Amino acid sequence: MRGLLLALLFLTLAPPARAALEENEVKAAVVYHLSLFAEWPPGSLREKSFNLCALTENERMADALSRLGGKTVKGVSLMAWRKRPTNDLSICQMVYLGEMNDAARGRVIAQLAGQPVLTIGNGGIQAPGAMVNLGVSGERVYFDIDLPAVQRGGLRLDAKLLRLARSVTR
Amino acid sequence: MSALDKTDHRRGWDRLNWLSTALALGIATLLLISSEIATLRKDFQHRLATQASLVSANSAAAVVFKDARSAQDNLDAFQHSPEIRSARILLPDGTLFASYRKPGASEDAPLWAGPLGLDRIEYQKSLDLENVKIAEIRLIADLEPLRARILAFIAVVLGAALLALLIAQALMARLRRAMRHAEDDMVHMAHYDALTGLPNRALFETHTTQALARTARSGGRAALLFFDLDNFKVVNDSLGHPVGDQLLQAVAAQLGQVVRQTDNLSRLGGDEFTLLVEGAGQQQASAVAEHVIEALHQSIAIDGHELSVGASIGIALYPDDGDSVDKLLRSADSALYAAKAAGKHTWRFFSAEMDEQAQHRLALEAGLRRALDRNELRMAYQPIVDLGTGRHIGFEALMRWTSPELGEVSPAVFIPVAEETGLIHAFGAFALREACSQTRRWLDEGRVDVVVSVNVSARQFYGRGLVDSVRRTLMETNLPPSHLNLEITETALMGAEQEVVDILGELHGLGVSLSLDDFGVGYASLSQLKRLPIHKLKIDRGFVMDLPHDSDDAAIVTAIIGMADALGLTVVAEGVETTDQQAFLAALGCRSGQGYLFGRPGPAE
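Protein sequences, first through last, are from chains E and B. Going by numbering that gives the first Met the number 0, the first sequence opens with residue 0, and the numbers climb by one from there. Going by numbering that gives the first Met the number 0, the second sequence opens with residue 0, and the numbers climb by one from there.
Isolated chain E (complex conformation):
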């Protein structure tokens, strides 16, 4: 049953009025919504802001993510940062790993392993070790979840989110 459900899982893109919406915009929205269904361990959230750090060479994606600034997550306002792989990522609660070379990505993943930071990879490019991986199938954006990675970071994802994922690695 579960398998069947997962197999049938798909995300519809916005209705025709939004058909022109760029794929990056949709992905950014998904990133934001993912933050709403995740739980950080107590004390790991800053009181003043929720920091989303974007590591990507895709400018349009970086723009789309920066436009999320000002929304709220868990009652605090979201701030979007553009980071380089060499930067200090300790202020980030959420890190988007976009277009970059595999070595840099590997270093970032290794650096964040075991930290309460929700890491989101872009499925178009292989990003082993990210907790959630986004992907595009036709007009739909889907995501896969690596649950052990999530748990290693001390994070929890809402069960409803798990149900909506294309696949969940346990």
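Just so you know, the hints here were simulated from the structure itself, not pulled from any lab data. On a predicted model such as this, the values are computed, not experimentally measured, just so you know.
Output of the computed footprint for chain B on chain E, the stretches with three or more beta carbons under 8 Å from beta carbons of chain B: (1) 30-40; (2) 62-72; (3) 153-161.
Taking lysine to aspartate or glutamate and the EDC-like style, the derived pairs with C-alpha atoms no more than 16 Å apart in a straight line are: (4) E:70 / B:129; (5) B:339 / B:271; (6) E:73 / B:127.
Even glycine gets a Cβ: it sits at the ideal position worked out from N, Cα and C.
Since the structure of chain E is provided, determine the placement of chain B on it from the hints.
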């Protein structure tokens, strides 16, 4: 109020009762039902809100990640909530994201559901995430089960109300019956005399008015017999009211036996009875009267007393003697008075002269009631002399009344009226006081052997006041008792009840002398004379009048004087008018006498 009116009235009252009960129950039922509907609606809305909260929490993720399928799955869970007819999730721009509809649910509510507010219950809830509205959930309830519950509730409540109404009706019917009984009892009490069970004056008037109307229509006649008992007052005064009441009951019972059912027998009050004989003329009426008198002439035994009451009857005929109940009753009353005046135990028809007599008597009574206050009474004194020497040895005090309206009225006329009206007690006290103070003056003037005689009426013996009154008067006037003589008529001794004998003994004990007035005309038995403390006999003027020529009277007077002598009694002859009579009586041994020969009654010298 006629019986018919009363029935109508009662029926109207019953209907009002019924209506008010039904109204009260109806209002209570309505309140109950509307309160139940309100409660159920609220309950329902609450449940819808809970459902909406659940589904919104479950669907938030599906909405933001645009997973309509998953949202649809969530909504499909309403299959297990029969109260939801349809559920929809709408995006903020109004597009339908997911929807659910209960299979087989009807869209239309029955007509009656609208006014009760049971046609549609809807709930909307906005689905927010981080204070941003991401969708709206709309639930519409399926009210079929609610309507069924309400219908069942209404049926039960109405059934209960109906049952309550029936019970209330049954209770009210019982109460009404009890009230009707009480009412009937009251009506009976208002129309019947409690003592004898006979119709009372009110019912007499009603019945007689109806009977006279009937008689008037048919052109017939009717006779009204009005009667009272001759000696009832004496019985009541001497033996007490309880005996008097028993006597009235016995009389009523006896009358019931001689009277036809249709003849309207009533007790107007006291010892006054009426009998209306419809269709009776003069002859029939007198026959009935004769019948009644005969029936009441027998003696009746009550409480060990043999009472012989007897009745007098006045008869008035309709329409000749009166065309109304009131007039007829007054005529019969006048005739009754005439019958009593004629010597009791008899009956009289009304005549026009009786009206005048009745008027005269009313005037007499009215005048007499005011006589004492207006100082119209005075005492006259007639000398009593020693027949041998002609010397005055005393005076008889006689009451005189001069009425400003009627002039000089004879004691023979006003004393009986005073006795009947009870004024005699005040009059007797007045006579006693006047006579005693006058005698005191005579004593003070040096007439040391004068004795005054005062008449005491038979009525004054009833009630205990006489002895006290005599004692007090003697004290107040400072008159030695030996100067007072009380004259008693033979009628006062009639029957010589022990009570009378006791009173005479007490008077004697005061030192007052007693004489028997008008001796020879009454029924005093010689054996009584012996045991009564009497000192003097006064020979009635009837025996003296024709002396010394009439040999019968001479023989009687001789015998009385001889007997008195033998019993040690003094004799006083009344009505001595000639010297022949004085000589004759003196020769027989009669010591004293009074009469015109020695002086008419006059004011004290």
